[in-house]
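Asker: Fit chain B to the given chain A structure using the hints.
Here are the chains, one letter per residue:
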Amino acid sequence: MSLLRNLTSGIRTLFRKEQVDRELDEELRGYQEMAADEKMKQGMSRQDALRAVRLERGSLGGTKEIIRSGGWEFVVDTLWRDLLFAVRMLRRNPGSTAAVVIALALGIGLNATVFSFVNALLLRPPTGVKAPEQLREIWIHNPRDSGAQGYLPLTYPDYFYYYRDHNQSFEGLLAYDGDPHLVIWNRSGEGQTVLGQLVSGNFFSLLDVNAVLGRTISAEDDQPANPQPVVVLGYGFWRRHLGSDSTILGKTLMLNGVNYSVIGVAPPGFTGLLVGFEPDFWAPTAMVEQITRDKGRLSNWHGHWLIAIGRLKPEASTNGARAEVSVLEHQIEKDHPDLERNLDATVFPATLIPAPYRIYVSAFTGLLMAVFGFVLLIACANVASFLLARATGRTREMAVRSALGAGRGRLIQQMLVESTLLSSFAGLLGLILAYWTAPLLLALKPASLPITLRLPIDWRVLLFTIIVSLICGVAFGLTPALRSAKVQLASNLKDETRPAGFRKSRLRSLLLTGEVATCTLLLVCATLCVRSLRNASSINPGFNTQHVIAARLDPGSLGYSEVQVRTFYEQLSEHVRALPGVTAASFTDHLPLGPAREHTLATDAMRLGPGNKDWLPIDRLRVAPGYFQTMGIPLLRGRDFNSSETEAGASVAIINETLAQRLWKNQDPLGKRMNFYQEKGPTEVIGVVPTGKYRTLGEDPVPVVFLPQMWARRTLVVRTSGDPATLLASVRREIHSVDPNIAPTDLETMQQYMSLPLFPARTLGLLLGVSGFLALVLTAIGLFGVISYIVSQRTHEIGVRVALGARRSDILNLVVRHGLFLTVVGLVVGLGMAFGAAQLVSSLLYGVAPTDPPTFIAVATTLCVVTVLACYLPARRAMRVDPMVSLRYE
Amino acid sequence: MPDKSSDLVQGTLDMLVLKTLALESMHGYGISVRIEQMSKGVFRPNAGSLFLAIQRLHRDGLIDGEWKPTENNRRAKYYALTEKGRKRLNSETREWGRQAAAIARILEAS
Numbered sequence: 025m026s027l028l029r030n031l032t033s034g035i036r037t038l039f040r041k042e043q044v045d046r047e048l049d050e051e052l053r054g055y056q057e058m059a060a061d062e063k064m065k066q067g068m069s070r071q072d073a074l075r076a077v078r079l080e081r082g083s084l085g086g087t088k089e090i091i092r093s094g095g096w097e098f099v100v101d102t103l104w105r106d107l108l109f110a111v112r113m114l115r116r117n118p119g120s121t122a123a124v125v126i127a128l129a130l131g132i133g134l135n136a137t138v139f140s141f142v143n144a145l146l147l148r149p150p151t152g153v154k155a156p157e158q159l160r161e162i163w164i165h166n167p168r169d170s171g172a173q174g175y176l177p178l179t180y181p182d183y184f185y186y187y188r189d190h191n192q193s194f195e196g197l198l199a200y201d202g203d204p205h206l207v208i209w210n211r212s213g214e215g216q217t218v219l220g221q222l223v224s225g226n227f228f229s230l231l232d233v234n235a236v237l238g239r240t241i242s243a244e245d246d247q248p249a250n251p252q253p254v255v256v257l258g259y260g261f262w263r264r265h266l267g268s269d270s271t272i273l274g275k276t277l278m279l280n281g282v283n284y285s286v287i288g289v290a291p292p293g294f295t296g297l298l299v300g301f302e303p304d305f306w307a308p309t310a311m312v313e314q315i316t317r318d319k320g321r322l323s324n325w326h327g328h329w330l331i332a333i334g335r336l337k338p339e340a341s342t343n344g345a346r347a348e349v350s351v352l353e354h355q356i357e358k359d360h361p362d363l364e365r366n367l368d369a370t371v372f373p374a375t376l377i378p379a380p381y382r383i384y385v386s387a388f389t390g391l392l393m394a395v396f397g398f399v400l401l402i403a404c405a406n407v408a409s410f411l412l413a414r415a416t417g418r419t420r421e422m423a424v425r426s427a428l429g430a431g432r433g434r435l436i437q438q439m440l441v442e443s444t445l446l447s448s449f450a451g452l453l454g455l456i457l458a459y460w461t462a463p464l465l466l467a468l469k470p471a472s473l474p475i476t477l478r479l480p481i482d483w484r485v486l487l488f489t490i491i492v493s494l495i496c497g498v499a500f501g502l503t504p505a506l507r508s509a510k511v512q513l514a515s516n517l518k519d520e521t522r523p524a525g526f527r528k529s530r531l532r533s534l535l536l537t538g539e540v541a542t543c544t545l546l547l548v549c550a551t552l553c554v555r556s557l558r559n560a561s562s563i564n565p566g567f568n569t570q571h572v573i574a575a576r577l578d579p580g581s582l583g584y585s586e587v588q589v590r591t592f593y594e595q596l597s598e599h600v601r602a603l604p605g606v607t608a609a610s611f612t613d614h615l616p617l618g619p620a621r622e623h624t625l626a627t628d629a630m631r632l633g634p635g636n637k638d639w640l641p642i643d644r645l646r647v648a649p650g651y652f653q654t655m656g657i658p659l660l661r662g663r664d665f666n667s668s669e670t671e672a673g674a675s676v677a678i679i680n681e682t683l684a685q686r687l688w689k690n691q692d693p694l695g696k697r698m699n700f701y702q703e704k705g706p707t708e709v710i711g712v713v714p715t716g717k718y719r720t721l722g723e724d725p726v727p728v729v730f731l732p733q734m735w736a737r738r739t740l741v742v743r744t745s746g747d748p749a750t751l752l753a754s755v756r757r758e759i760h761s762v763d764p765n766i767a768p769t770d771l772e773t774m775q776q777y778m779s780l781p782l783f784p785a786r787t788l789g790l791l792l793g794v795s796g797f798l799a800l801v802l803t804a805i806g807l808f809g810v811i812s813y814i815v816s817q818r819t820h821e822i823g824v825r826v827a828l829g830a831r832r833s834d835i836l837n838l839v840v841r842h843g844l845f846l847t848v849v850g851l852v853v854g855l856g857m858a859f860g861a862a863q864l865v866s867s868l869l870y871g872v873a874p875t876d877p878p879t880f881i882a883v884a885t886t887l888c889v890v891t892v893l894a895c896y897l898p899a900r901r902a903m904r905v906d907p908m909v910s911l912r913y914e
Numbered sequence: 004m005p006d007k008s009s010d011l012v013q014g015t016l017d018m019l020v021l022k023t024l025a026l027e028s029m030h031g032y033g034i035s036v037r038i039e040q041m042s043k044g045v046f047r048p049n050a051g052s053l054f055l056a057i058q059r060l061h062r063d064g065l066i067d068g069e070w071k072p073t074e075n076n077r078r079a080k081y082y083a084l085t086e087k088g089r090k091r092l093n094s095e096t097r098e099w100g101r102q103a104a105a106i107a108r109i110l111e112a113s
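Residue numbers (the working numbering), protein chains in the order written: chain A, 25 to 914; chain B, 4 to 113.
A couple of the hints might just be wrong.
Claimed, not checked - Derived pair list, reagent style SDA-like, types lysine to any residue, alpha-carbon separation capped at 20 Å:
{"id": "1", "chain 1": "A", "residue 1": "41", "chain 2": "B", "residue 2": "58"}
{"id": "2", "chain 1": "B", "residue 1": "22", "chain 2": "B", "residue 2": "41"}
{"id": "3", "chain 1": "A", "residue 1": "65", "chain 2": "B", "residue 2": "36"}
{"id": "4", "chain 1": "B", "residue 1": "80", "chain 2": "A", "residue 2": "62"}
{"id": "5", "chain 1": "B", "residue 1": "80", "chain 2": "A", "residue 2": "50"}
{"id": "6", "chain 1": "A", "residue 1": "88", "chain 2": "B", "residue 2": "41"}
{"id": "7", "chain 1": "A", "residue 1": "65", "chain 2": "B", "residue 2": "40"}
{"id": "8", "chain 1": "B", "residue 1": "87", "chain 2": "B", "residue 2": "58"}
{"id": "9", "chain 1": "B", "residue 1": "80", "chain 2": "A", "residue 2": "36"}
{"id": "10", "chain 1": "A", "residue 1": "717", "chain 2": "A", "residue 2": "613"}
{"id": "11", "chain 1": "B", "residue 1": "43", "chain 2": "A", "residue 2": "62"}
{"id": "12", "chain 1": "A", "residue 1": "319", "chain 2": "A", "residue 2": "734"}
{"id": "13", "chain 1": "B", "residue 1": "71", "chain 2": "B", "residue 2": "25"}
Stated by the list, open to error - Some residues of chain B that are not near chain A, with every Cβ distance over 12 Å (derived):
{"id": "14", "residue": "25"}
{"id": "15", "residue": "27"}
{"id": "16", "residue": "36"}
{"id": "17", "residue": "43"}
{"id": "18", "residue": "53"}
{"id": "19", "residue": "58"}
{"id": "20", "residue": "92"}
{"id": "21", "residue": "93"}
{"id": "22", "residue": "98"}
{"id": "23", "residue": "99"}
{"id": "24", "residue": "101"}
{"id": "25", "residue": "103"}
{"id": "26", "residue": "108"}
{"id": "27", "residue": "111"}
No wet-lab data here; the hints were simulated from the structure. All C-beta atoms, glycine included, are put in the ideal place defined by N, C-alpha and C.
Extracted from the complex, chain A is given alone in its bound form:
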């Protein structure tokens, strides 16, 4: 009741201001008259009586102000009036307002962009899933390993015999394949690659995801004893490739040579529990051997491939679940001592990124947030010093307001309204910027990564932007506001605003120094990363990247026999070699610098013995004859494999120089024999090639052996004399003409392929380059602003100096010296910080030391030059000061 009355009374005051005011006026006037009447009865004149009443009881205006400020509507009213005033003030200087808003918008926008990635990767729960906050991931943990290597997903027997049915904490425990499969879809004789994910029978029911058409995979479909070849289609796949065919149910799709019947279509927006992947279909986990052609996967106690996720019962706790899975893991060890697992198990909250990898994603996005946070800081410092300058110019206005009765709080409020208005505009613009730049950032990723990432501007991004904008508004507005509220009435009203020298602008100089320091930090990191990118692009990987194309093929996935596989590759090789422009073609089991690896240990056959500890860890590649010629790798000694060696899987090897050096230092390796760990028979070295790059571009020399045996999964490499891109289509056609069922999973030029190993360097180089450039521009603007302000405040003093005989060069010196002084102080601080920060990114740098002296010197020089330029314009104005004019201004 009283709240309502309070509200209506307040609203009445707001909207019927005049009437309420008149009433109050009448009431107060009556009050004074009555008090005066009393006094007049005691013999005072009317005038004296009224005066006495005012003295005793307060003046009419003051009283009214007190009463008005008592209600809540007063705050709303003043805020509104401040807002209107702020808009007027900002519109008066459209140029500087726009500059401030744009600078801030860039800072806020870039941060919002990075945050939209953080949101998409780390914060957003899986869509279309019931109560995702109850889901927990189970990981087997090796306490002896640190980082992501220490965590393993479950094996099928782990899941099937232990975790799924023997826990009390979960309502149910689902599992899915952590590595989605690229599968060949044989569409009436044409092969096409599609992305599939294997899921347990309770996957859909536990997530409460219902098919829009048909049904989802059930527990009956997923029996290892009797797996059903059924698939649920992804909504996007169904729409794009099957034209939303509503009669699809019961029809079959041939996937990797096996017919699967379509039982349903998943709802739109549901893409599973893994970030970045949008499966085209889901199939039961028990079908894994048919999909991967990997016999025995279901009974393999060593193959860790299932990510298990449980829905916590309402009464269960995460800690309870953790203790329980740990007990289960120890039970496995007790039951199967022959496995020698010595592992533990633990649970994590489930998000779109599997728990062990979250730390890396957090670290990377955290680094980006920090970098762009610094850019924002510089932008804020700029705005603060701009507002500070304006606030000083408005001291008189503040003094007048204060004299008219405005309190300190009111003045601060008004300044803060102005700054938050600025930052709100900037936040809005920043959001628009983020909306446009986030997809651009995603385009940096190599095309060969089958990743689809949605970057929605949802409430989290919105909230983040609002909070950042408000913090910015208050942060850069508070100091000027506090400053301007501290007015000295008398001196200001008398127009004694003549700040002498630079000491008066200490705060602004401090801001500027900080700005220069931050800018230095960013510029050093940016320069290091850009240089590292240039180095990385020019690193010789040891093979030709200009005239080669590659295609990944796997006829084995279709269940082809060994003979069929061999025939296919022989025919393909002939077809491709016959293409115009092709100078060579060959195969390898995997390309260097990709995600695939084969490790083993090797030793000199002469040293092989029971006590030998001389095993050397090496990488192993398997290549067909002509591989080195195709890839442009010269044979230093010996000869290439021949086709009979490939066919027979002969025990011959070609090694790289590093391996030759490690095993037979200063000896001729040709004809020497080596052994591989736990493999029978020695292998004879028949050739030596130069050492290239195999794992990463920045690696130290890795010892590598090339062997002639090949598997069904191979990468075709083709050398052309002309532009390789023109050959992509004809190679695809040849693959199709040899066997229409087979589709290449990655068909690309070597240059496209190289975008994968260069991805981290490129991303970092680009992002840091952009931020460094922005930082430099913003700092230059800041320097220019502060120096011109100081010059304008010193016009009088400069006039005096000129009048006393100072030369123009003296004035120029005076101004530039001050700017340079600020820059040098900032530089020293910034270089120190950069020295520390560069160590953090050192692992991402190619061929540049984090303390690279040329980088540091270049940054310092650039900043000094920019400072001199930023000082020059205001200094020129100072030189032109006419002493007559500036002195007369007194």
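Answerer: Structure of chain B alone, referenced to chain A:
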């Protein structure tokens, strides 16, 4: 003359205004004079505090206002206690009595 109302504990003025209005409805000046008389000149609220208290009480629904002619043929807003205001006055008077007695006991104890 010092402004005695500043010595008043926040909220106490509200209680005094309610007490004044408990006897008869009255205009602002009347309230002020009555408080001064009853306190024998110790409290002399200035116009700002007084009308702020009146506004507060009015918004809380403890008093009602009505424009009426005065004995000197002026127009003034007369305030009267509402039922709710009467209850509030009773409870506050009781509470004040308790507290004042307690404070007095503490001060006399030493």
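Asker: It remains to establish, for every hint, whether it holds in the given structure.
Answerer: Evaluation of the provided hints:
no.: 1; hint: 41/A / 58/B; in the structure: holds, 15 Å
no.: 2; hint: 22/B / 41/B; in the structure: holds, 11 Å
no.: 3; hint: 65/A / 36/B; in the structure: holds, 15 Å
no.: 4; hint: 80/B / 62/A; in the structure: holds, 19 Å
no.: 5; hint: 80/B / 50/A; in the structure: holds, 9 Å
no.: 6; hint: 88/A / 41/B; in the structure: violated, 26 Å
no.: 7; hint: 65/A / 40/B; in the structure: holds, 17 Å
no.: 8; hint: 87/B / 58/B; in the structure: holds, 16 Å
no.: 9; hint: 80/B / 36/A; in the structure: holds, 18 Å
no.: 10; hint: 717/A / 613/A; in the structure: holds, 16 Å
no.: 11; hint: 43/B / 62/A; in the structure: holds, 17 Å
no.: 12; hint: 319/A / 734/A; in the structure: holds, 19 Å
no.: 13; hint: 71/B / 25/B; in the structure: holds, 18 Å
no.: 14; hint: 25; in the structure: holds, 19 Å
no.: 15; hint: 27; in the structure: holds, 16 Å
no.: 16; hint: 36; in the structure: violated, 8 Å
no.: 17; hint: 43; in the structure: holds, 17 Å
no.: 18; hint: 53; in the structure: violated, 8 Å
no.: 19; hint: 58; in the structure: violated, 6 Å
no.: 20; hint: 92; in the structure: holds, 15 Å
no.: 21; hint: 93; in the structure: holds, 17 Å
no.: 22; hint: 98; in the structure: holds, 19 Å
no.: 23; hint: 99; in the structure: holds, 21 Å
no.: 24; hint: 101; in the structure: holds, 25 Å
no.: 25; hint: 103; in the structure: holds, 27 Å
no.: 26; hint: 108; in the structure: holds, 35 Å
no.: 27; hint: 111; in the structure: holds, 36 Å
The structure fails to meet hints 6, 16, 18 and 19 from the earlier list, while all remaining hints are met.
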